[in-house]
Amino acid sequence: GQQVMQIPQYQHVQEGEDFTTYCNSSTTLSNIQWYKQRPGGHPVFLIQLVKSGEVKKQKRLTFQFGEAKKNSSLHITATQTTDVGTYFCAGRVGSNYQLIWGAGTKLIIKP
Amino acid sequence: DGGITQSPKYLFRKEGQNVTLSCEQNLNHDAMYWYRQDPGQGLRLIYYSQIVNDFQKGDIAEGYSVSREKKESFPLTVTSAQKNPTAFYLCASRGIYEAFFGQGTRLTVV
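In order, the protein sequence lines correspond to chains H and P. Here this note's numbering is used: the first residue of the first sequence is 104, the next is one more, and so on. Here this note's numbering is used: the first residue of the second sequence is 12, the next is one more, and so on.
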């Protein structure tokens, strides 16, 4: 079946270091979305990417959609404690409204 | 405030018991979804509804049932046939393109 693989499962960083999570799809996606889930909370929508090769920025967060529309990444520059949580990608195939979710990458700030 | 309200926040179920999780939205969204989240894992789709009086099974529908009698409401029943129901349950609705989630219900079998 259609899958979106997301790596790594966990990433431990010192505050101020960068963080990156990657998603790869087995099929071409029509678009991809990114969500953040704080510990004990619910997923909150961050952004949607639609175009091949698209890059979008939100302050310290940079989102990319691959040229083949099969992969995407989220990069956070100079992490802060407020960035802690799990980041999920979710893709759509064709005109299907169902989202195919990645397993998430948990960002942990080392004490 | 517009949003999705799930209740209760915590729920304890005895073995062999059916329980119903509530999900209400005032966003006027047509499509609603139920997901299950296990520790350290992503979201798995249980059921979804694109419109009132219609719903479809997701990837893990066995042991669950839903109804969609009103646009605002999409309750989920966890039946005794669900052998491993302990999990975090999330209800969502779809806006123009993004999903809006409720606060979730954490269900524990005791």
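Each hint should be verified, as a subset may be incorrect.
On the chain H side, residues computed to face chain P include the following (Cβ under 7 Å) [unchecked claim]:
#, residue
1, His145
2, Pro146
3, Phe148
4, Thr185
5, Trp204
6, Gly205
7, Ala206
8, Gly207
Note that these hints are calculated values from the structure, not bench results. Note that this is a predicted model, so its numbers are computed, not measured. The C-beta atom is built at its ideal place from N, Cα and C for all residues, glycine as well.
We went through each hint and held it up to the structure:
Taken as an interface hint, His145/H checks out: its beta carbon lies about 4 Å from the nearest beta carbon of chain P, inside 7 Å. About 5 Å separates the beta-carbon of Pro146/H from the nearest beta-carbon of chain P, less than 7 Å, and the hint is met. At its closest, the beta carbon of Phe148/H sits 4 Å from a beta carbon of chain P; the interface hint therefore holds under the 7 Å criterion. For Thr185/H, the shortest C-beta to C-beta distance to chain P is roughly 19 Å, which exceeds 7 Å, and the interface hint is violated.
At its closest, the beta carbon of Trp204/H sits 5 Å from a beta carbon of chain P; the interface hint therefore holds under the 7 Å criterion. Taking 7 Å as the C-beta cut-off, the interface hint given for Gly205/H holds, the closest approach to chain P being about 6 Å. A cut of 7 Å between beta carbons decides the hint on Ala206/H: the least distance to chain P is about 4 Å, and the hint holds. The restraint placing Gly207/H at the interface with chain P holds, with a minimum CB-CB distance near 5 Å, inside the 7 Å limit.
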